[in-house]
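From first to last, the protein sequence lines stand for chains A and B. Numbering-wise, the first sequence is residues 1 to 440 according to this note's numbering. Numbering-wise, the second sequence is residues 1 to 108 according to this note's numbering.
Because the hints were derived from the structure by calculation, they are not lab data. Treat each hint with caution, since some may be false.
Said to hold, decoys possible - Covered stretches of chain A (chain B as the covering partner; in silico rule of three or more C-beta atoms under 8 angstroms from a C-beta of chain B): (1) 243-249; (2) 265-273; (3) 357-368; (4) 418-424.
Stated by the list, open to error - Heads up, incomplete: computed chain A residues facing chain B, CB under 10 angstroms, no partners named: (5) 279; (6) 280; (7) 347; (8) 427; (9) 429; (10) 430; (11) 435; (12) 436; (13) 437; (14) 438.
Since the model is a prediction, treat every value here as computed from it, not as a measurement. Note that beta-carbon positions come from the ideal geometry of N, C-alpha and C, so glycine has one too.
Listed below are the residues making up each chain.
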Amino acid sequence: MGRPIEDIVRDLLDERRDHVSADVLSTELLALPVRPTAARILGLLSDQAPSVVRERVPALLATLARRDERWDRVVRSALTRRGRCPASLRAPLKAAYGARGSSAGGTPARSEPYEHDEASTVEPLRVDRRLSTNRIRMSTEASSIDGLHALLRALADAGSPRRVQLDFSECEHVYVVGLAVLAAWARSREVAIEVTGCSAATDAYLQESGFIDAIEGRPHGIGTRDAGRRVALEPIVTGVDAEELASRIVRILDDHGLVAGSNRNALVICFAELIENVARHAGPNTVGFVGAQYYPAKQKVSIVVADSGVGIRRSFVDGRNRDIRERVELGEDPLRLAVLPLVTSKPVTPEHATGHAGYGLYLASEITVRNGGTFRITSDERSLTLYRRQGRRRAAVVTHARWHGTIVALILDLQNVVSIRDVYESLPPPAGYAGDDFFS
Amino acid sequence: MTTSVHEFRLARFGQDLLTRDRAAPIRAELRREMDALESGAHLVVDMDGVGAVTPSFADELLGRLLLEVGEAVFRARLRLRTSDATVRLLVNRVLAQRAAEARAVGRP
Chain A
1 MGRPIEDIVR DLLDERRDHV SADVLSTELL ALPVRPTAAR ILGLLSDQAP SVVRERVPAL
61 LATLARRDER WDRVVRSALT RRGRCPASLR APLKAAYGAR GSSAGGTPAR SEPYEHDEAS
121 TVEPLRVDRR LSTNRIRMST EASSIDGLHA LLRALADAGS PRRVQLDFSE CEHVYVVGLA
181 VLAAWARSRE VAIEVTGCSA ATDAYLQESG FIDAIEGRPH GIGTRDAGRR VALEPIVTGV
241 DAEELASRIV RILDDHGLVA GSNRNALVIC FAELIENVAR HAGPNTVGFV GAQYYPAKQK
301 VSIVVADSGV GIRRSFVDGR NRDIRERVEL GEDPLRLAVL PLVTSKPVTP EHATGHAGYG
361 LYLASEITVR NGGTFRITSD ERSLTLYRRQ GRRRAAVVTH ARWHGTIVAL ILDLQNVVSI
421 RDVYESLPPP AGYAGDDFFS
Chain B
1 MTTSVHEFRL ARFGQDLLTR DRAAPIRAEL RREMDALESG AHLVVDMDGV GAVTPSFADE
61 LLGRLLLEVG EAVFRARLRL RTSDATVRLL VNRVLAQRAA EARAVGRP
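From just these sequences and the hints, can you work out the full model?
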């Protein structure tokens, strides 16, 4: 039997016992019932609390949050606007909680963790806007997944003009990622776009990809002019047939005999989960586009979904998942939360029996990274890129000009096999899970 | 005493079963057949012959059905069948998640 809570509190309040670490005290506290213990410890926090409490209790609470999910909820709840932490102590507690380490409170993923590259702010590349002529000069790089920030800079600089000239004269190749973003931007702001400087090849590509129809608001007639290597840009609206959109991308793989068996299924599941996720979260006034392209020489396929919706952060903050809302309000990166397994803004609750499950973005990112591909999610002023280099998972965050909505782009290597079974094994088990078998 | 066995073959709905929108009407059909079972009978949900099944599809079809009827009724009236170990793993994880949520919100 451990020491009673009163003894532990006495240690906390004793100036002479500063050698008793938060780790030691938290081990003792974790053996006690959470609710009354939390009430006692939080009760020490007041505007008049002695300095020893101000110094020790935030560290102790952060340690408890790191070590136990129930305590993590207690601390997060205390830190919310209506929580029990006095205003004057909110900052030190928030600082200690924020530095508690990445495992606290998160759903435990069984995947190998990501090593995070240092966050960076990037400058525009070769896209510039001529203010006098409302002209955006496109480049190959700015239409690619790696150069997206340059395009976002140019679009932000452009503001909300009525008309823009898109100059492709310096563009050798155009990637579907940039076209989907441009189309979503133009349609959501009702910007008229004039395309100039196209080579014959670029002009053909813009037509076949559905870009011209997309910016002019016309239906493209999928499949009629499609060369079989791409899915033309297709608008995402409420009620869109995600099944049909996903199936079109699958047909690219099947028609070319690119992958088979379980690897095919892994890629199909990746596409479908991504498209379904975006289609279901698109608000009633959302304008967005999905597109895909197969690159035979590199044996790669690229998919992009770009929308002008509320964005990831707002979706979490306005959602009914209190746990996630609090984590976002306390400063956790919404993009990193969005790619965790079983994280959703609309979970099942007593009032909402038909919640979501939170498979979509996790599965799409997990399959992509295991495939050796690149997964990039962009929302508001940030992009998170997940990939694997030299056997290690890497995560890079970049800040850039704001995108009002969400963009998810991924590139898959068709020569690499992904075990979908391993992906499913990586899903965290629910509480009390003991290998339940519903087939027996 | 004999027990009636009825079969619900998923493969008749297509090779790839991908989205929640696709699953919802199939769940309604499955529920109708389940509700029409005589006392003591069960329905075999046969998943063999399908290609890709996404977690979202499985969740919308079976996970939501479990939430609707409760785990006890689900287990009593349905028999799930597949020879694909990966599909079995997927469905078990999806259903375990929903069963835990149902318990958490007081709908065992």
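Structure versus earlier hints - violations, ascending order: none
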